[in-house]
Amino acid sequence: MLVAFCLSACAPKQKTPLVVFAAGSLIQPFDEIEKAFEKNYPDIDVQAEYHGSIQVIRHVTELHEPIDLVASADQALMPMLMYQVNIPGTNQPYANWHIKMATNSLAIAYHADSKYSSEINPENWWEILSRPDVKVGLSDPRFDAVGYRQLMVFSLAQKIYQNPNIFTNFLKDQFTHPIRLIDMGDMQIIRIPEVLETTRESHIMMRGSNVALISLLEAGEVDYTFEYESVIQQHGFKMLKLPDNLNLGKPDMDTEYGTVTVKMDFQRFASVEPIFKGEQIIYGLTIPTNAPHPEQAMQFIEFLYSPEGQAIMEKNAHPLLLPAVISGEANLPERLRKYFQ
Amino acid sequence: MKFLFKGFVFVLLTGVIISLGGCVAPAVQAPVEVPTVVATSVTLEEVPQTVLELVKDDTSTYFTLDQLKAMPAVEGLGGIMSSTGKITAPAPYKGVLLSDLLDTVGGMTEEHSVEILAEDGYSITFSPGQINNGEYITYDVSSGDEMEKIGTLQTILAYERDGQPLNPDMEGTLRLVIIGESPLQVVDGHWSIKYVNKVILKRAIEDWVVDFVGAIDEPMDRATFESGAADDCHKRVWVDGDGKEWEGIPLYYLIGRVDDEVKHGDDAYRDDLAKAGYTIDLVSADGYTVTLDSYTVMRDDDIILAYLVDGEPLSGNDFPLRLVGPDLTKKQMVGGIVKVQLNFEAAEASAEKATEEAIEEPATEAPVSEEPAIVGPQNASFVIKGLADGEKELTMQDLLAMAVVNLNITHPKGDQIDVTGVLMKDLLGVLTIPEGATTVSLIASDGYSSEVPLAEVMACETCLVGWDEKILRTYMPGFESSSWVKDLAVIEIK
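Here the protein sequences come in this chain order: U and L.
Residues in the first sequence are numbered consecutively from 1, following the numbering used here.
Residues in the second sequence are numbered consecutively from 1001, following the numbering used here.
Isolated chain U (complex conformation) (with noise of 0.2 Å):
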């Protein structure tokens, strides 16, 4: 009796689990919010995925798991798929708030010997980048949010420098099946088709997730490739900034950004219709209404706002949105609502 007395008591506490679900660009800084955290709650475990925005939505509405914290790079998918979707057998939506958490822009990621690095600035990063003779990288647009804003960002060039031929020269017979752009006048459109695979020839070096693209920016693959600010900067590789009309990080430029969509000719997943609007980029976060841990999801919340969590953020160039919006504020918990007024 006594010996088992003494393993019960001397067993470890069963730690809480706590299932994040958290967009591919937040790696960096999650990983370190998560050891920080870990830290002060010893009693709670944290257990991150990184996927794309669309997927770590679906994991909680088209997978059912349970997962008890959202962070997705597109905060209007959170709407469109959460808030509008009811969780079988109730009346509840899977989710009928979030915190607009944090934005981001996109720039242009080189390093040293990139081809022609001594020459590009923001003139003429176009001219450079539709080189034969230079790599370039591009995320599928298929796949990969950067891929499809990207192309937006070429698109809105053309206005910006008035040049009506620089998505064209990018791209021209650089894909057995073109992306093509198509002037509506007020709005521009590119077409994304179903299969989508570079010529032999083709001096774009196209991979299925911008983690890959890195990799071979590191490995001097590739001269150049698009990336959000964020993770350029966690990542050390030189950087030229977009101007603010392109880069699609400021907030009030939604009009110029949303002259570009992008369609897509297929339905990735069914739940989405693959037509993606530019506009800001911003960062989404919610507690599903069905998580489990909604009381330790909270207390991620409170620590990723608290002076630690902020100059978390702050370190990985990513920083919180602050003073943070919050969307169906009413829905709010009671809890977070301190820090959100």
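The set of hints was computed from the structure by calculation and includes no laboratory data.
Hints may be right or wrong, so weigh each one.
List time: in silico DSBU-like cross-link candidates among lysine-lysine, alpha-carbon distance up to 30 Å [to be verified]:
no. : chain 1 : residue 1 : chain 2 : residue 2
1   : U       : Lys263    : L       : Lys1086
2   : L       : Lys1275   : L       : Lys1263
3   : L       : Lys1330   : L       : Lys1235
4   : U       : Lys263    : L       : Lys1244
5   : L       : Lys1194   : U       : Lys263
6   : L       : Lys1149   : U       : Lys115
7   : L       : Lys1086   : U       : Lys15
8   : L       : Lys1235   : L       : Lys1331
9   : L       : Lys1202   : U       : Lys263
10  : L       : Lys1086   : U       : Lys39
11  : L       : Lys1385   : L       : Lys1494
12  : L       : Lys1235   : U       : Lys159
13  : U       : Lys238    : L       : Lys1086
14  : U       : Lys315    : U       : Lys35
15  : L       : Lys1425   : L       : Lys1385
16  : U       : Lys263    : L       : Lys1235
Got chain U; can you put chain L on it based on the hints?
Relative to the frame of chain U, chain L by itself:
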């Protein structure tokens, strides 16, 4: 029951047996082709569960797991790198080559693509290079760095992992996996699809360009056309007499892109030019040309350039575009359109000719007319049937010998137009209409017909058999537009 298709019942007594050729052991029940849901009284407990639907040309073939297992099996190592760099090391998978499966419905060629659909709503399309040649980018299993492919890669529909059936909750009954021989490489996770339940072999979308030639030229490609035909844009649908649903864009929208320099917006389509008159040639690949006049097409939502029929791209002689709509005769519904040409010259030449004639013939010697008379089609004629004294043919010369009038009338679309012709009541008035006749049938050269009450026609002060430069036509103010018949061939009294 997770993978039993809703409402589908495996039926031995119905459907067409598809031969799998050498791919299926003789003792195994062949897949059953079931185009639609089949209702029977067979209970679900008696029904073998199908796990895969293979679709080609709108025909579905269903497979049970046993049928797939009866096909030649391949084994290899499949692992993935997720979009965030997470690596799942290669594991041994066993299944059927996707190319073998596709061979059961004719195989995948360079003209095809194959869409894989999963039970959870995910889908992605593969190219022939991927399916037939294993063209995938590979990554080092340890570092995630891109690496040269080791050996060959094959695309399979796996049903076993580590010698065990797949876990239906974790991977589904079937999982699409890219396998190779090496444990040192993985592929992008996008290509590894869990819960597969449907494969669609489809013809790769064929790109096309149609030349629109007017005040400016615009080679219009498929993507541009499709964008214009989107739900929130200019999409127009017409269902023909056979129930076929044609989808496209009203022709006048497309004309608006090339009738002047302005391609977009409310001012893109030039009504003034259309009213002034020009012709539109729709030229098919074999050179067959249909010519419409601008007034016929003007703001007519029912004259449509279609690119889809029943939701599918046009094929055969209709590819890529066909002119369709209720306001057209069958003869006018030309397919295989490769060029749309606006001819402003015809209108200009007509105007110039009229001007020259006005100069050559002093006003004092000619009937005074505010509008130049339209030159009629010299060899045109039509037949009048159902008369008490038999059938009569009236030529253009016969009509010109009658009381020709120039009128300004109201088109059903609301616009005022100037027309030239012979009043219908005058025409019928000189004919021997049989007693008891009540109806006039107006029939076009392609067989199109429209019926109107005889009494109303006789009472109409402005109804004409008129003409333009090329054809005879009826102008029927106050009647439905369907009675405004183009290329009049027959008037039948009934």
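For each hint, the structure was consulted:
Proximity of lysine 263 (chain U) to lysine 1086 (chain L) is assessed by CA-CA distance (about 28 Å); at most 30 Å being required, the pair is judged to hold. With a C-alpha separation of about 19 Å, the suggested pairing of lysine 1275 (chain L) with lysine 1263 (chain L) holds against the 30 Å cut-off. With a C-alpha separation of about 22 Å, the suggested pairing of lysine 1330 (chain L) with lysine 1235 (chain L) holds against the 30 Å cut-off. Under the criterion of a C-alpha separation no larger than 30 Å, the hint pairing lysine 263 (chain U) with lysine 1244 (chain L) is consistent with the structure, at around 27 Å.
Proximity of lysine 1194 (chain L) to lysine 263 (chain U) is assessed by CA-CA distance (about 25 Å); at most 30 Å being required, the pair is judged to hold. Between lysine 1149 (chain L) and lysine 115 (chain U) the alpha-carbon distance is near 27 Å, which keeps this suggested pair within the 30 Å criterion. The suggested pairing of lysine 1086 (chain L) with lysine 15 (chain U) holds, with an alpha-carbon distance near 24 Å, which does not exceed 30 Å. Proposed proximity of lysine 1235 (chain L) and lysine 1331 (chain L) is supported: the alpha carbons are some 24 Å apart, at most 30 Å.
Distance restraint check for lysine 1202 (chain L) and lysine 263 (chain U): the Cα-Cα separation of roughly 20 Å lies within the 30 Å cut-off, and the hinted pair is therefore satisfied. Annotation: proposed proximity of lysine 1086 (chain L) to lysine 39 (chain U) holds, straight-line Cα distance about 25 Å (limit 30 Å). For the given pair, lysine 1385 (chain L) sits about 9 Å from lysine 1494 (chain L) by alpha-carbon distance, which is consistent with the 30 Å threshold. Of the pairs offered as hints, the one joining lysine 1235 (chain L) and lysine 159 (chain U) holds, with about 28 Å between alpha carbons and a cut-off of 30 Å not exceeded.
For the hint linking lysine 238 (chain U) to lysine 1086 (chain L), the alpha-carbon distance of about 25 Å falls within 30 Å, and the restraint holds. Straight-line distance between C-alpha atoms of lysine 315 (chain U) and lysine 35 (chain U) comes to about 15 Å, which keeps the hinted pair within the 30 Å bound. For a cut-off of 30 Å, the pair hint linking lysine 1425 (chain L) to lysine 1385 (chain L) stands: about 16 Å separates their Cα positions. The straight-line distance between the Cα atoms of lysine 263 (chain U) and lysine 1235 (chain L) is roughly 16 Å, inside the 30 Å bound, and the hint therefore holds.
Every hint, counting from the list given before, is met by this structure.
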